[in-house]
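> In order, the protein sequences belong to chains L and H.
Sequential numbering from 1 applies to the first sequence in the numbering used here.
Sequential numbering from 1 applies to the second sequence in the numbering used here.
One thing to keep in mind: the hints can contain errors.
[Said to hold, decoys possible] Computed Cβ-Cβ distance ranges for the label pairs, DEER-style:
hint, chain 1, residue 1, chain 2, residue 2, range
1, H, K200, L, P43, 22 to 28 Å
2, H, G270, L, R59, 36 to 42 Å
3, H, H242, L, T127, 48 to 54 Å
[Unchecked claim] To list a few chain L residues with every Cβ distance to chain H over 12 Å, as calculated:
hint, residue
4, G5
5, K7
6, L9
7, D24
8, G27
9, N29
10, A32
11, P50
12, N80
13, A88
14, M89
15, S92
16, R101
17, S110
18, A112
19, N122
The hints are simulated quantities; they were obtained by calculation from the structure and are not laboratory data.
Every residue, glycine too, gets a C-beta built ideally from N, C-alpha and C.
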Amino acid sequence: MQVEGYKPLIVAFCCNWCSYAGADLAGNNRLAYPADVKIIRVPCSCRVNPMFVLRAFQRGADGVILCGCHPGDCHYTSGNFYTRRRMAMLFSMLDYLGIERERTRVEWVSAAEGAKFAATMNDFAQTVAKLGENKRLEDLRCKQ
Amino acid sequence: MQTVTRDALIDRAVSLLSDGTVDTVLGWRKGLFDYDVTPSTFKTVEDLRENLQWDDHCGANFSKYLIAQTKKTESKVLVFLKPCDTYSFNQLLTEHRFDREKAYAIGIPCDGMVDAEGNMLERCVNCKSKKHVAYDELIGEDGEVLESGRFDEVKWLESLTADERFKFWQDQLSKCIRCNACRDVCPACTCEKCVFDNPKSGIENKAPASSFEEQNFHIIRAFHVAGRCTDCGECSRVCPQHIPLHLLNRKHISDINKFYGEYQAGAEVGQRAPLVNHADGDVEPYEIFDGGDVNA
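Chain L extracted, bound-state conformation (with noise of 0.2 Å):
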């Protein structure tokens, strides 16, 4: 359900030496992208434990994304490597769940892509806020 002047909280994993300084680029750039991208600097996307993604959920975040170097140019040479398959998983079992899949995406970002990660950052926040808030990993508990 779309309420008037809704928008969706999106939590934003990125890697320190790729989609972090992407995202500088982009803010050094003047490019636009949501404010409701909430970014969290990991020290590799491999950092993401699949219970961070879960927590977001539960602590009211509609959307989670997680942005990590292009696979073959990770920092620590293998680390999104594990993400990948960790993830693929994770994202499989949330499906099979009932939660929407759109909700969740992995996106490589490299430190020259400003502007990808912007135009992510855009579309990841568009797709979420048609699907609405996120009533189904939601903990009420956490509401404020």
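Add chain H to chain L, keeping to what the hints say.
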């Protein structure tokens, strides 16, 4: 009915206990009723002769008990393993959870176990293997890995729409009373300190405050054992609320088979689990739904 008799088990256990090869026997202890069987240790011959039970109610998997028991003894621990238990045994060895030298494994064939009402357990209806993958000696005949329909129910769930799936899992998971039996019995859940035992987390105790917490609990637990779950079916067997928890684990197993190639946890010692491994050209998380029901 089991083909191997209780007497055959007791004879072998008694002789190993008497000649000092082992000083502890892990076995099923008789309870008040037929179905009331408790996993237990036996230290004496008299106790064994009197209280060991072996029949269709002996579903318990002893692999996990080896972790605690092998630490308590300088000698060896005798353990009876049904075919599906041997996979957990191997998986725990792969993870270096107990000392192989301190375990004496006797493989025994299994003809399927029943629950308290006398119905065959789901995991036995869809038995994946009658073959022992680890043992020191074998009583009776070894079988073969079987073709089973254990993924049929997963496929049926996948064919539903997202809303139907959500309803199905809400109905199931809201029954959860957070007794933690599934975690305590799981041979893959062997962390010394469990993430759910954190007193500050607010999710330590029973008495669920909302159904969503239950969902998170089961997603997290399923993910923690993903790639290491041997599909022994203990979680569903012990669940007092009859939640089909094996469907969560089997979803992960079927995904692993589909994305990263056929993999059976515990089939061999020393296998590298799919989630601690990677390959070039792995499927991307945004590609997994291709070919699936995109409108779901």
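> Now, for every hint given, state plainly whether the structure supports it.
To see whether the hints hold, each was checked on the structure:
no. : hint                          : in the structure
1   : H/K200 <-> L/P43: 22 to 28 Å  : 24 Å, holds
2   : H/G270 <-> L/R59: 36 to 42 Å  : 40 Å, holds
3   : H/H242 <-> L/T127: 48 to 54 Å : 37 Å, violated
4   : G5                            : 26 Å, holds
5   : K7                            : 22 Å, holds
6   : L9                            : 17 Å, holds
7   : D24                           : 24 Å, holds
8   : G27                           : 25 Å, holds
9   : N29                           : 25 Å, holds
10  : A32                           : 24 Å, holds
11  : P50                           : 5 Å, violated
12  : N80                           : 9 Å, violated
13  : A88                           : 5 Å, violated
14  : M89                           : 6 Å, violated
15  : S92                           : 5 Å, violated
16  : R101                          : 6 Å, violated
17  : S110                          : 16 Å, holds
18  : A112                          : 20 Å, holds
19  : N122                          : 17 Å, holds
Of the numbered hints stated above, those contradicted by the structure are hints 3, 11, 12, 13, 14, 15 and 16, listed in ascending order.
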